[in-house]
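*Asks:* The chain contents come next:
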Amino acid sequence: MAEIMLELNEINTFYGKAHILHDLSFKVAAGEVVALLGRNGAGKTTTMRTIMQLARPQSGTVQFEGNDITRWATHKVAQAGIGYVPEERRIFGDLTVMENLEVGRQPVRDGLPAWTVEHLFELFPNLAERRDNRGKQMSGGEQQMLTIARTLMGNPKLLLLDEPSEGIAPVIVEQMAQTLLEIKAKGLTVLLSEQNLHFARIVADRAIIIEGGGAVFDSTFEDLETHPEIRDQYLSV
Amino acid sequence: MSFYFAQFLTGLSSASSLFLVACGLSLIFGVTRVVNFAHGSFYMLGAYVAYALVQFVPGSILGFWGSVLAAALIVALVGVVVEILILKRIYNAPELYQLVATFGVVLLMQDAILLIFGGDDQFGPRAPGLDSVVRVFGEPIPEYDLVLIALGPIVLGALWLLLNRTRWGILVRAATLDREMVASLGVNQSWLFTTVFFLGSFLAGLGGALQLPRVSINLLMDLSIIAEAFVVVVIGGMGSIPGAFIAALLIGELNAFGVLVLPQATIVLAFVVMAVVLVIRPYGLLGKAETLAHVAGQVELPIRPASTLAKSIAGLLLIGLVVMPFLAGEFAIVLATDVLIFALFAASLHFIMSNGGMVSFGHAAYFGLGAYGAAFVIKYAGGSMELALLAAPLMAAAGALIFGWFCVRLSGVYMAMLTLAAAQIVWSTAYQWQDLTGGDDGLLGIWPSEWAKSKTAYYYLALVLCGGGILAMRRMIFSPFGYTLRGGRDNPNRTESIGINLRQHQWAAFIIAGVFAGIAGGVYVFSKGSIFPDEAAIPRSVDALVMVLLGGVQTLSGPVVGAGVFRLLEDEISRLDYWRAILGVIIISIVVIAPEGIAGFIKKIAVKAGFERNEEQAS
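Line by line, the protein sequences give chains A and B.
When the letters of the first sequence are read in order and numbered with our numbering, they come out as residues 4 to 240.
When the letters of the second sequence are read in order and numbered with our numbering, they come out as residues -8 to 610.
FYI, nobody ran anything at the bench for these hints, they're computed from the structure.
By construction, the Cβ of each residue, glycine as well, lies at the ideal position given by its N, Cα and C atoms.
Warning: the hint list may mix true and false statements.
Heads up, simulated DSSO-like pairs for lysine-lysine below, C-alpha to C-alpha not over 27 Å straight-line [what the hints assert, rightly or not]:
id, chain 1, residue 1, chain 2, residue 2
1, A, K20, B, K79
2, B, K519, B, K444
3, A, K79, B, K519
Partial chain A-side listing against chain B, Cβ under 10 Å, derived [claimed, not checked]:
id, residue
4, I7
5, M55
6, Q66
7, G69
8, N70
9, I72
10, T73
11, P89
12, F95
13, E102
14, E105
15, V111
16, L115
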């Protein structure tokens, strides 16, 4: 296995009194695309937020490239090279497409592709046409592309994608899968959370299923197929 | 005609000054969500520092304009210090904490300036080369006013460029919309906030320094400008710079022409306009609905009936209060009467705040209305004390009925600002309507009936009325009405979707709180024998907030404890020089160090010692 990029170690995260993540541990290797699967409320978003330190774990550690980033300020985590695409997209509605991209801009990191606005417009042609439109004037699919593009402007090493296919037309989901494969080809490591198993299969190398805030399955998709009872137990609605 | 044009120009020049202050305030609120009371103090500081630089820098190396700029820069640095030392620690706290903390800065700054410059009015020099008048259609217009008129649009343009054409500006605008997302994209918002505070304070200092050739500078500049700046910011839409510009023009001209039509009601007019604008456009002319700051929601602990221990302490306290006059001297009895009055006043504010989730920045309005209502009965109707004490809650209820109707249409900071405006309407009416209220001289000689004349008798009267009031509100908190209010506080949408008219409930709660504040005001006026407009002014409203905060917002006994501690403390330190500064430091320390308040703090200890149920484990 290649070098470990991200490692969660017995993470426990609470929202107020609600215990969301229970001793959650998993690893992501450099260059890997890992899908975090699980039902609504299983703890996928909280996992993402914990990695970004937007939710502070009560115990356990998050390691990124060998550094313990637990309790770092969120902007430091982002500056270290973790790009976060949140579930609700959260584009800046009053800012134009160009301005949204500007907010995401970070210095280039060594040994990684430097994303420029031009590159991103090649990857997401729709955005180029709408560069001077305000974020709130765009459709859901366009907003999702803008969020991903905005995060890529930070030249991240690791991309966290929280349910990228949620609430988006099936045609766009196909397109998005292609885009993610292109991003992967550039050498980015990706951790994405998904409920759409079909979408996850296309882009991810490995599946981690979480249920009740803990990892219950961590293996390849082939493995998952040979255990339909796991899929039925943890993923079917 | 030419006279009206001259008046129009005067309006424009005061609009420019107002805009300078208001745009800084709006900018700071837009990004940090802090309602910064100290902004007026920065304005005042700017004027004093510029005065000092012009007056005392040898050889006048800086000259007038150099001094103005240097003063603005110094104020900006003071603003940065305040931001780093105080505000950084409380960005995620509720509005109340921030407001009270910045009011602590107001108190501190007042005494600092008093210490350095003394309390007399100071007169600055005229601006060199701009000390004469020009004739416009035959009317004399000061040259300096023309410069100010030009300055407003220039600053507006510069700010627009800064916000739309620089990376810093784009980040600031993004942070206004979604702070958490900005941090997730690797932007150090802490640093961004400090720079915003720098710029905002710079503009306030500039606004103040530019007043030097126009008006005398004095220690009242801070609160008078902040009230007006709040009005401008709210009318324009909080966070909107162009909105602030339009609103400043509106208020500037309103003042210029209002003086001609209604010289007695100039201050009231601005607040009336604000109330009307907010009812038509709840978020101001160019404002947008409040964006959620994406701060992890604070979970309110359920309010539970008192434990046996708490009940026994309350019982002991009541016995202590009843026997107190037999043991203590007259001075202590007077002080205890005061504590009772303010306990009721604070409890009435706590009633709408903790139960209804409605933060009132202007609760003194109802205290003042109650006090004036009682005083009117004695002064003009020749009525008795008993009748006057009945009139007090009625007058306060009438005020709460009208203002409440407007206020419950809004929520959050906008609602708080409207309650502040309501209180300013009451205050300025009391201040300007000399014939009725005696204006600044107040109404004197309002004494209790014969049977309540002795300090002890009056103490018992206060104990019955105030203690009774507090218990009555406590009952309501545990009634279905109280549960409905708390439901609305925690989730307005769900409460309404089960068929409850939340707005009506909130209106009722607002009136109830007004009634009890009015009773407190009525009891107060007879204990002092007089009433002045100050009883409805901003510092009185902040007193109530501080008492609630001192006691702890989430604790039912909080306001009582808070009022007791606050009154005793105030009594101790108000005999010292510079007591405002001391009070300011105490307030700031409490907000920063013990945000759960005294009662909350004691409760925490009681839980630790095992006397009380621990809410954390209970679930």
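*Asks:* Each of the hints needs a verdict: does it hold here or not?
*Replies:* Quick rundown of the hints versus the structure:
{"no.": "1", "hint": "A:K20 <-> B:K79", "in the structure": "holds (26 Å)"}
{"no.": "2", "hint": "B:K519 <-> B:K444", "in the structure": "holds (12 Å)"}
{"no.": "3", "hint": "A:K79 <-> B:K519", "in the structure": "violated (58 Å)"}
{"no.": "4", "hint": "I7", "in the structure": "violated (23 Å)"}
{"no.": "5", "hint": "M55", "in the structure": "holds (6 Å)"}
{"no.": "6", "hint": "Q66", "in the structure": "violated (19 Å)"}
{"no.": "7", "hint": "G69", "in the structure": "violated (20 Å)"}
{"no.": "8", "hint": "N70", "in the structure": "violated (16 Å)"}
{"no.": "9", "hint": "I72", "in the structure": "violated (13 Å)"}
{"no.": "10", "hint": "T73", "in the structure": "violated (16 Å)"}
{"no.": "11", "hint": "P89", "in the structure": "holds (7 Å)"}
{"no.": "12", "hint": "F95", "in the structure": "holds (5 Å)"}
{"no.": "13", "hint": "E102", "in the structure": "holds (5 Å)"}
{"no.": "14", "hint": "E105", "in the structure": "holds (5 Å)"}
{"no.": "15", "hint": "V111", "in the structure": "violated (13 Å)"}
{"no.": "16", "hint": "L115", "in the structure": "violated (15 Å)"}
Going through the hint list in order, the structure does not satisfy hints 3, 4, 6, 7, 8, 9, 10, 15 and 16.
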